[in-house]
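Chemist: Each chain is listed here by its residues.
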Amino acid sequence: MVRWGMVIDLDKCTACQACVVACKAENNIPIGSEAEQAAGRQISWMDLIVKNSEGRVAMLPRPCMHCDNPPCVQVCPVGATFRREDGIVDQDYNRCIGCRLCMVACPYGVRYFNWREPSWPDTYLEYLNPTVPVRPAGVVEKCTFCVHRITRLKRDISTGNVPTAIAKVTKNNMSLEEKTSKAVDTLMRRLIMKSDEVERADPEDLWIDFDFRELNYLPSCVRSCTGRALIFGDLDDPESLVSQMAKSKRAFRLFEELGTNPKVIYLQEGR
Amino acid sequence: MEVGYNKYYNPGGFSRIAYATLGILIIVIALALHAWLQQLTQGLAVTGLNRPVVWGIYMANFVFFISISMSGTFISSVMRLLSLEWGKPITRIAEVITVGSLLMAALNILFDVGGLFRALIYIPLFGRIQSPVGWDVIVLLFYLLTGLGYLHVALIPDIAVMAGKESRFSWLYSLLRYDWRGDKDQLHLLESGLKILAIVTVPVAVMMHTVTGWIFGGMKAVSTWNDAIMGPYFIIGALLSGLSLVIITSAIIRWRFALHEVIPDRTFINLGKMLLVFLLGYLYFMLAETFTVRYAAVSEDIRVSEFSWTGPYSPLTWYVLASLVIASVVLLIPRLRTYKAVIAMSAAVLPAMWVKRVLIVLPGLIHHDSLPTVQSALPQYTPTYVEFLLTAGSFAGLALILLLFVKLFPVLPVWEVFGVQKTKTEPTTNISLRAVLTGWMSGILITTAYVAVWAASTIIFAGENSAVTYSVKLAPTAIQVLSIPELATTAMFNLLIIVALAGVLAILFVRRRG
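Chains as they are written, first to last, in our numbering: chain A, 1 to 271; chain B, 1 to 514.
What the hints contain is simulated information worked out from the structure, not anything from laboratory work. Quick caveat, the model's predicted, so the values are computed rather than measured. Using N, Cα and C, we set each Cβ at its ideal position, and we do this for glycine too. Please note that a few of the clues may not be correct.
[Stated by the list, open to error] Derived pair list, reagent style BS3-like, types lysine-lysine, alpha-carbon separation capped at 30 Å:
id : chain 1 : residue 1 : chain 2 : residue 2
1  : B       : Lys-340   : B       : Lys-88
2  : B       : Lys-7     : B       : Lys-220
3  : B       : Lys-273   : A       : Lys-247
4  : B       : Lys-195   : B       : Lys-220
5  : A       : Lys-51    : B       : Lys-7
6  : B       : Lys-422   : B       : Lys-407
7  : A       : Lys-249   : B       : Lys-220
8  : B       : Lys-165   : B       : Lys-340
9  : A       : Lys-154   : A       : Lys-168
[Claimed, not checked] Here are a few chain B residues that sit away from chain A, every Cβ distance over 10 Å (derived from the structure):
id : residue
10 : Ile-27
11 : Gly-43
12 : Trp-55
13 : Ala-106
14 : Ile-123
15 : Leu-125
16 : Met-219
17 : Tyr-284
18 : Ser-314
19 : Pro-427
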């Protein structure tokens with residue numbers, strides 16, 4: 001079974017906000033009018049938490065924690081938000097009645113409400129992502145770990161339309177879930193590879209693709225992270241990069257005491 | 001006295017004051033409808049809501065209207081069950097307030113949701129019993145149904161008399177009287193039916209207010225909300241605000257209908273004593289709540305507490321406290337406890353209780369941003385005119401319901417105060433009183449059954465995206481465990497009602513005539 005999770009290495013995070021922008025572009029997040037921005041009604045699935053302790057400002061990228069025990073799912077009156085088999089807490093925009101109980105229940109503040117119909121400047125309209133639905137006014141939305149990209153990867157694996165490096169790690173006796181998990185891990189390892197490692201690597205393990213299009217199977221924030229601080233993968237697979245990093249002594253999770261069991265693991269900086 | 005009661009059977013014509021009130025109410029409601037239309041077309045952006053304050057005065061209004069709905073059940077059930085003669089004249093007023101305020105509470109929740117039509121369709125279709133909203137919808141339905149039944153059954157003897165009079169609405173009266181003739185058998189049946197309904201209503205009412213408190217009490221993310229005191233706190237608050245509205249309404253009705261003989265000063269002084277008990281109880285609960293927060297001094301909780309006691313919201317908190325303390329002191333001293341003082345103190349308590357509802361919702365939510373981000377808005381909330389208009393509109397709606405009711409039906413349960421009158425005309429229908437009572441009871445029973453089936457199907461047919469609330473991870477597979485505690489509470493409550501209603505039906509069918 002797959003259990004998608006994320007490790008955020010704060011040592012590597014430069015607070016450049018590339019993930020924030022990439023998320024907004026990928027997920028059709030409305031830009032809205034100036035008045036709306038002035039009112040502070042921006043939606044930002046990925047955002048930076050500002051922690052000001054002892055005169056030292058720390059920044060933490062904050063996607064949805066995709067809790068194993070999500071308080072938002074517990075309180076939803078119509079089942080519009082739900083925990084998928086693979087651990088992703090997803091949102092059914094067509095089901096949502098907009099009561100905002102989940103926003104009250106979420107300790108992390110990752111849920112956003114569409115106060116108005118979404119709007120973009122005209123020039124942006126042709127760049128909207130056709131694989132992500134645009135949310136109407138009156139529904140709650142949140143980070144989905146770019147579930148559409150994972151779905152696309154699954155589809156491509158099942159049709160065999162994948163790069164050789166992925167084809168190499170996926171064996172026929174594996175289930176589709178396991179194949180996806182292995183594929184994501186391969187992509188992840190490829191993504192964080194340093195340039196000298198690329199030079200030393202066996203050319204057969206690399207698919208030389210100058211625009212790295214295959215890496216777009218990974219979540220948008222992970223793909224765009226400039227410091228390679230975001231690591232995405234299967235927490236259930238003990239060999240995966242993400243579960244190995246999650247075992248680090250620097251690892252901590254937000255509001256662990258609330259018992260929500262979040263699947264986003266931070267690695268403390270400066271140790 | 002012989003002819004005296006006859007005047008209550010004449011549905012009131014509109015006096016100049018009544019016309020003026022009606023006009024004002026209709027204007028306010030029209031403005032509110034306009035505001036609602038604006039909100040429906042432009043989205044909730046027209047309100048002052050934002051993150052993290054996602055609930056505003058709509059939620060406070062909802063809680064307030066729910067709380068004043070306690071009045072009817074409590075007053076009339078207590079008066080009937082304990083056979084308190086002095087309280088009988090005001091039971092009807094209390095019952096109407098219950099029904100009206102429940103409607104307004106439901107309306108305020110509909111103001112609050114983002115998708116009005118989706119909410120109306122999806123909650124019955126896909127409603128999850130594990131959600132606090134699910135419980136609230138269920139209990140509200142029950143409560144409305146029992147409240148309506150209670151009101152109607154107690155109205156039957158009076159309507160039957162009114163059906164004999166010439167009026168534009170005689171069709172309505174003869175429709176609602178069923179086959180009431182006013183003989184002893186029927187009276188006996190009616191009284192036992194009312195008593196049973198009174199017994200059924202009390203647990204429903206208690207559960208209604210508890211569940212409303214649990215919406216807040218169950219939210220672990222919001223500081224100061226996650227508290228076991230919430231359920232009982234809401235009950236005592238409901239008793240307090242409900243009773244004060246009943247006192248105010250009774251005073252107005254006594255003045256307009258010249259009922260000084262029927263509702264003497266003594267009644268108000270007795271009600272004032274009841275009010276005093278609830279006031280002291282509420283102050284005690286406030287003390288208990290504040291003590292826990294201040295003494296334990298959890299840093300998040302203390303921030304909220306300081307915000308409301310010494311921070312920006314301190315005027316509101318001290319206003320509430322001052323009103324409640326002054327009211328208690330005035331009612332505590334026997335020399336000051338005149339009927340005028342009781343009415344004045346109720347008028348002081350009621351707005352303070354509304355402000356207290358706002359103080360439950362807002363300070364907690366304003367401190368809900370425990371992880372402020374770069375793009376977070378400032379945690380603040382200023383209601384816009386849309387919210388104020390809709391609030392005014394819902395209060396006007398309640399007033400309109402009361403006004404129309406007292407113009408159409410007798411304001412007193414005349415048959416209880418003056419004795420049952422013989423009806424002049426024969427009933428036009430064959431439907432017996434027993435059938436009517438059974439109908440109401442089975443209506444409540446069917447609602448119970450529907451809810452039970454709903455709950456069961458949520459568990460049994462839990463699809464992937466419906467009832468997966470708790471997932472316990474046991475490698476290599478995930479076992480999905482339903483959230484049992486909430487479910488068990490609601491199921492137990494339903495079971496209680498089913499047992500009670502089965503008893504009711506048994507009594508109704510088994511009881512022999514005469």
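Chemist: Now tell me, hint by hint, if it's right for this structure.
Modeler: To see whether the hints hold, each was checked on the structure:
no.: 1; hint: B/Lys-340 / B/Lys-88; result: holds (20 Å)
no.: 2; hint: B/Lys-7 / B/Lys-220; result: violated (56 Å)
no.: 3; hint: B/Lys-273 / A/Lys-247; result: violated (65 Å)
no.: 4; hint: B/Lys-195 / B/Lys-220; result: violated (40 Å)
no.: 5; hint: A/Lys-51 / B/Lys-7; result: violated (72 Å)
no.: 6; hint: B/Lys-422 / B/Lys-407; result: holds (22 Å)
no.: 7; hint: A/Lys-249 / B/Lys-220; result: holds (28 Å)
no.: 8; hint: B/Lys-165 / B/Lys-340; result: violated (37 Å)
no.: 9; hint: A/Lys-154 / A/Lys-168; result: holds (15 Å)
no.: 10; hint: Ile-27; result: holds (29 Å)
no.: 11; hint: Gly-43; result: violated (4 Å)
no.: 12; hint: Trp-55; result: violated (7 Å)
no.: 13; hint: Ala-106; result: holds (13 Å)
no.: 14; hint: Ile-123; result: violated (6 Å)
no.: 15; hint: Leu-125; result: violated (8 Å)
no.: 16; hint: Met-219; result: violated (6 Å)
no.: 17; hint: Tyr-284; result: holds (28 Å)
no.: 18; hint: Ser-314; result: holds (24 Å)
no.: 19; hint: Pro-427; result: holds (44 Å)
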